[in-house]
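*Asks:* Residues per chain are reported as follows:
Number of protein chains: 2
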Amino acid sequence: MILVCVGSELLRGKLNTHVSHVSRRLASIGLEMNEECTVHDRLPEIAAALRRALENFQVVLVSGGLGPTFDDLTREAASEATGRPLSFSKPLFREIQAKFRRARHRMPPANARQAYVLDGAESLANHAGTAPGQWLDLQSSPRRKPGSRDLDSGPPHNKAGRPPGCVEDGFRRNDGKVLALLPGPPRELYPMLESAVLPRLKKIYGAGARAETHLHFVGVPESAIDDKIRPIIHRESHASNRIQFTILAHLGLVDLDIFVSAATAARARAAAERISRAVRRAAGKAWYGSDDAFPLEKVVGDRFRRRRATLAVAESCTGGMLASRLTDVPGSSDYFLEGCVTYANTAKVRELSVPESLLKEHGAVSRPAALAMAKGIRRRAQATWGVGITGVAGPGGGTAKKPVGLVYIALASKIRAVCRAYHFTGDRGAIRRRAVLAALDLLRRV
Amino acid sequence: MILVCVGSELLRGKLNTHVSHVSRRLASIGLEMNEECTVHDRLPEIAAALRRALENFQVVLVSGGLGPTFDDLTREAASEATGRPLSFSKPLFREIQAKFRRARHRMPPANARQAYVLDGAESLANHAGTAPGQWLDLQSSPRRKPGSRDLDSGPPHNKAGRPPGCVEDGFRRNDGKVLALLPGPPRELYPMLESAVLPRLKKIYGAGARAETHLHFVGVPESAIDDKIRPIIHRESHASNRIQFTILAHLGLVDLDIFVSAATAARARAAAERISRAVRRAAGKAWYGSDDAFPLEKVVGDRFRRRRATLAVAESCTGGMLASRLTDVPGSSDYFLEGCVTYANTAKVRELSVPESLLKEHGAVSRPAALAMAKGIRRRAQATWGVGITGVAGPGGGTAKKPVGLVYIALASKIRAVCRAYHFTGDRGAIRRRAVLAALDLLRRV
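As given, the protein sequences belong to chains A and B, one line each in that order.
Mapping of the first sequence onto this note's numbering: position 284 corresponds to residue 284, and the numbering continues sequentially without gaps.
Mapping of the second sequence onto this note's numbering: position 68 corresponds to residue 68, and the numbering continues sequentially without gaps.
Since the hints were derived computationally from the structure, they do not count as laboratory data.
Warning: the hint list may mix true and false statements.
The list treats identical chains as one, so a pair stands whether inside a single copy or across any two.
The calculated DSS-like cross-link candidates involving lysine-lysine, where the alpha carbons are at most 27 angstroms apart (straight line), are [unchecked claim]:
#1 K298 with K228
#2 K402 with K298
#3 K228 with K99
#4 K402 with K360
Note that the structure is predicted; figures quoted are calculated from it, not measured.
Extracted from the complex, chain A is given alone in its bound form (with noise of 0.2 angstroms):
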């Protein structure tokens, strides 16, 4: 199976969010993306891309071309690596009518190009936009249909700069194949994908019972936690093609997903559950949830829900980030009370009656400090917990004894109080991120 992407934007900048996105999605039913490729807005490189596609895998999703204006040339691409003429659809050009009519704008006539779709094809309605998809199985759709014209005869779209023969060929190569064509933006091709392509793809080539698990994993660097489990998801995926695996890791947080596919579901959960716990062995302590155990911040807030504690923090260097990765869990104002971001020492002294002579003696990025934040705010806001972060998350500002990424965490209780040193590395933004995650990663632990 491949994933052809169409837009020039995504070979000039745009972050490409579809193969991640896709390849997860498939491998929820057990099937893999084996190939990416994506392609400029050009005719002759998008059949190109199709026909090569068409020869080497027995899938071939296409995202992205569908729209109406002159650069979306997919459609076209598609006829010409097919060598099936594009039909005009009545149906389908009154159907787009009444979505503009539903949305009280004019249609433009460029939009009525969206009505045409490869013989044999099969629509895909679209919810969320205008271009429908188009889905041709290449084996069971009429090769002819009446009144069309005789395909075998020769190729209805050749045009000069082809290699000659190539649609023929590609004919016989393309039969029993799946060309699935399907829109660009996230909002219209992740429903397309769910309520379309996934179920189809699930009925022609599903087996078996199915489970999965999800792993979370932080605390440790990125590549500390991929080398341990790294082995595991490679014997295990070679061992057997009905387990497959996706990873997502990003600045110090992993998520590995875990899909087994085998005769009963009964097998397929033991199987998902031994690698699981193989998995989470080989990680330790870095390991923080699982399934719908995450993020973080909704593992802490769960803690703390189940406990009835409650929460303030009080931000120097992080300067709030970690109050929003708190609130970001939906229901969290049942745990957080309150935030205070301190730039300024004055706020510190002011807000969180931290001694000024403390801040004197041992600056404000110190052990004491910390500490007298994390109570300070916790005696305001009568929380159960409070938290003080302060550091030096540069780029100025650092000294020999005091360097860029040197950040002090505190916890206190009304009887309990910690506080840990970190030296993280990176940039501003990485540093500020690192010891958001080291606040959560201490918060589930208490």
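Keeping the supplied structure of chain A fixed, place chain B upon it in accordance with the hints.
*Replies:* Showing chain B alone in chain A's frame:
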């Protein structure tokens, strides 16, 4: 030019950030990435992708698969695809050994694999990791080295499964092409790209003088900005291949880079300025900064610093995210005094002196509440401007009168106060991020 990304993790959920970065850096020297392709860590698939790439493109950049473990197979695949044997390089081996010695680690035997170089290739120093890169100029490099095998008589690594004659074929076609093998981890790839790849490519393909401009947009839907500037991008990039654009759009923010090459520096600058003016005119108020005047929080910060104004923020639904963005800017302590996350109503009353009666009458999500928060935090912090944000981020908590996505943002100075109501769409995270962007957008205009 094609970028081949090697790594199963990229087809199993991990986000590929290489394509975005490499394409933007290529554009900075006037080159366009024509295609991108991602393959698994499997020898036949990498070799096939490289053969196809060498047949179709002048420059083939490959990232990933240069590590020491069994699934790092790019070297071997490149040897298959080019028909060039891999030779063990003693000097390279000693360099790798020295790296481990400096880090006081024992070198695992597997790392010896990283000392193998394609015949005729130049090795590229890796200052951030152990895997050296390789640069193979298929025109100028010697086809036969004394003592090496006669390559024309047959490939040295011929394995079953490859079409007969493929290597010899590839050989003739490869003439005059460049194959560069680069490491996968960004912290190794990016520096090597800057120090070794871009200068070499510039020397071979670069011509004339160059100029660049970077434009940044916010405040109207991403698609609306895209619609407005797209015709200009298409017109200009079709009119001349000496004009390159890269675009990076994410969550309502759009960054556009314009690169122009011309016979003289003055002409390049003039063209860049002409296009920049046209784009700014088309985008209207959505344009907020050029070149280094970005991101948005820096534009806001610069404005406050210039005016010697200070700032304090009180956040409810955004939960610290605005403070976090503002303090993301180095030196933000010059104007950012204090932030306050008043999630609970009691905190709004206690910390911001919002009258309890006001919250009872209008609710916490209301225009009067946002204004009272802005005024309260301004007074408390003695700041020039105070910001108050309150809204329904969802997913719960929405009513018919106050639906999910309704957010009030207020700005208050000693003599002025404004409040705007917004109706944001998307999930909780998107609503929060859009609210923060809207607040920053208001702040850049005060």
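*Asks:* Go through the copies and call it for K402 and K298: within, between, both or neither, with a Cα cutoff of 27 angstroms.
*Replies:* between (33 angstroms within a copy, 26 angstroms between copies)
*Asks:* If the cut is 27 angstroms between Cα atoms, do K298 and K228 qualify within a copy, between copies, both or neither?
*Replies:* within (25 angstroms within a copy, 40 angstroms between copies)
*Asks:* Using 27 angstroms as the alpha carbon limit, work out where K402 and K360 are close: within a copy, between copies, both or neither.
*Replies:* within (15 angstroms within a copy, 48 angstroms between copies)
*Asks:* For the identical chains here, do K228 and K99 meet the 27 angstroms Cα criterion within one copy, between copies, both, or neither?
*Replies:* This pair counts as between: shortest inter-copy Cα distance 23 angstroms, intra-copy 52 angstroms.
Consistency with the previously given hints is maintained throughout, with no hint failing.
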